Amino acid sequence: MNVKELITLIDGHLCNPSANLDREVKGGCGADLMSDVLASIQPEAVLLTGLCNPQVIRTSMMADVAAVIIVRGKTPPKETIDLASQEELALISSPFGMFELCGRLHRAGLPSLERAVGDEPCSCDE
Amino acid sequence: MGDISRIQKRPVTDQDAENITRVEELAYELKVEAVMTKEPLTVTPDTSMRETLDLFRQIRISGAPVVKDNQLIGIISIEDLIRSFQENDLSAPVSKYMSSSILTVHGSDPVIEALKLFVNTHKGRLPVLDVNNKLIGIITKGDITSGILTALQKDYHAEEIRRYRASHLFEDINSDRSSLILRYNIKQGDFIHGGSASSAIKLALLRLGATPQIARRTGIAVYEAEMNLIIHTSNGGVIRVEIEPHQISINISDDGPGIPDIELAMRPGYSTATETVRELGFGAGMGLVNIQRCVDSMRLESVHGKGTNLRLKILLQSEETVGEASGTNKEN
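Taken in sequence, the protein lines are chains Y and L.
Under this note's numbering, residues 1 to 126 are what the first sequence spells out, in order.
Under this note's numbering, residues 1001 to 1332 are what the second sequence spells out, in order.
Calculated directly from the structure, the hints in this document are not laboratory data.
This structure is a prediction, so every number in the text was calculated from the model and none was measured.
A hint or two may mislead.
[What the hints assert, rightly or not] Computed list of lysine-lysine pairs in DSSO-like fashion (alpha-carbon distance at most 27 Å, straight line):
1. Y:LYS4 / L:LYS1031
2. Y:LYS4 / Y:LYS74
3. Y:LYS78 / L:LYS1187
4. L:LYS1031 / L:LYS1134
5. L:LYS1038 / L:LYS1187
6. Y:LYS4 / L:LYS1187
7. L:LYS1038 / L:LYS1123
8. L:LYS1096 / L:LYS1031
9. L:LYS1134 / L:LYS1154
[To be verified] Some chain L residues close to chain Y (C-beta under 7 Å, calculated; not the full set):
10. ALA1200
11. LEU1203
12. GLY1219
13. ILE1220
14. TYR1223
15. PRO1257
16. THR1276
17. LEU1280
Glycine residues also receive a C-beta, built at the ideal position from the N, C-alpha and C atoms.
Start from the sequences, fold in the hints, and give me the full structure.
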């Protein structure tokens, strides 16, 4: 699934129009704790989160995230949008909640890219 | 050429530059308006074929749009001129020989749309319209070729030359042991810029030819440490990354307040972070645990009241080396 299809699926609003909509999303990960994201996420995932601060984008860059969805229709602050634009990472706001969004994406065929605890000695070495 | 800046960040290897698929990709990324000839010469339907011939000769073009009352009504080309010449009819008006079944493209269309039309219709040129269907330019296959070549060249220069040079950094330097040291000063409480040092380190490693996995492991480890400096220190601290072909050594130090109980701090889930920090998504007590999982060795020393020193090492296998040719050539 690419970012464009993803946006349609979740009634999303793209906060940074310059983002690359053709980028491929291979799966998903939902978390509000950035350390959990860094510990569990595998590359090329879409990250679903309720957080809006710039650290979400920084964390995404470190973890090779393909797109970020802000749940429950929040509008991220300017610093976050600017950083997302600079890093050319799609930042999408969706009116739905975390559970609903995870469900929609999973149903549409996106697998989980969250590694379960204890799966691997180094979670980030993918 | 507004679209070129977006392409520059994509890594391009020498092979890619010669590769047709890269050119195809550009055909989708470049917009018609970026490569077209702007404000082209136009003629009116009443212009004579002879005048048109003179114009073509003077400014060395082989076709022009025919415009009446600001509306595009046809295209006149050198082939039409030849026809009128054969019939000895050069004094006829352009309207008699022009082709009025006009195919057009829009300035905001990707170049591939123009290319498709060229392939399917054997036209030599296409008028370019804006959103209000006003003529803004003309595009030929030659425009597309030179537009793509310019884009490829910019693409190549902006990132790849830099990357290529960096990835061979250590080869031309003769010493018993060469290393590259990067230092970053991190301010306490600077959440806005938190993570910018780790981003810079990750990018530097990729430019030096590190594998995506090595860059990711280093990035995550340094990011957690960088956030620790921002969250927990009294006066911030310093990140020092020493890059050698076969290993990356990271040293993160601060001058306080120090960790009272290291064993407790290493326990997954243990955290002393404030509510504010937790709201930012940090302070889950996983930072040090995450760091340890990403590195080959980790040494944490802390004196309560004095400061903390964290030493990390990431070892590179022979096929992963940075700054040497043997370690490059693994863009993905």
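A quick look at each hint next to the structure:
no. : hint                  : verdict
1   : Y:LYS4 / L:LYS1031    : holds, 19 Å
2   : Y:LYS4 / Y:LYS74      : holds, 20 Å
3   : Y:LYS78 / L:LYS1187   : holds, 22 Å
4   : L:LYS1031 / L:LYS1134 : holds, 17 Å
5   : L:LYS1038 / L:LYS1187 : violated, 50 Å
6   : Y:LYS4 / L:LYS1187    : violated, 38 Å
7   : L:LYS1038 / L:LYS1123 : holds, 19 Å
8   : L:LYS1096 / L:LYS1031 : violated, 33 Å
9   : L:LYS1134 / L:LYS1154 : violated, 30 Å
10  : ALA1200               : violated, 11 Å
11  : LEU1203               : violated, 9 Å
12  : GLY1219               : holds, 4 Å
13  : ILE1220               : holds, 5 Å
14  : TYR1223               : holds, 5 Å
15  : PRO1257               : violated, 21 Å
16  : THR1276               : violated, 11 Å
17  : LEU1280               : holds, 5 Å
The earlier numbered hints that this structure contradicts are 5, 6, 8, 9, 10, 11, 15 and 16.
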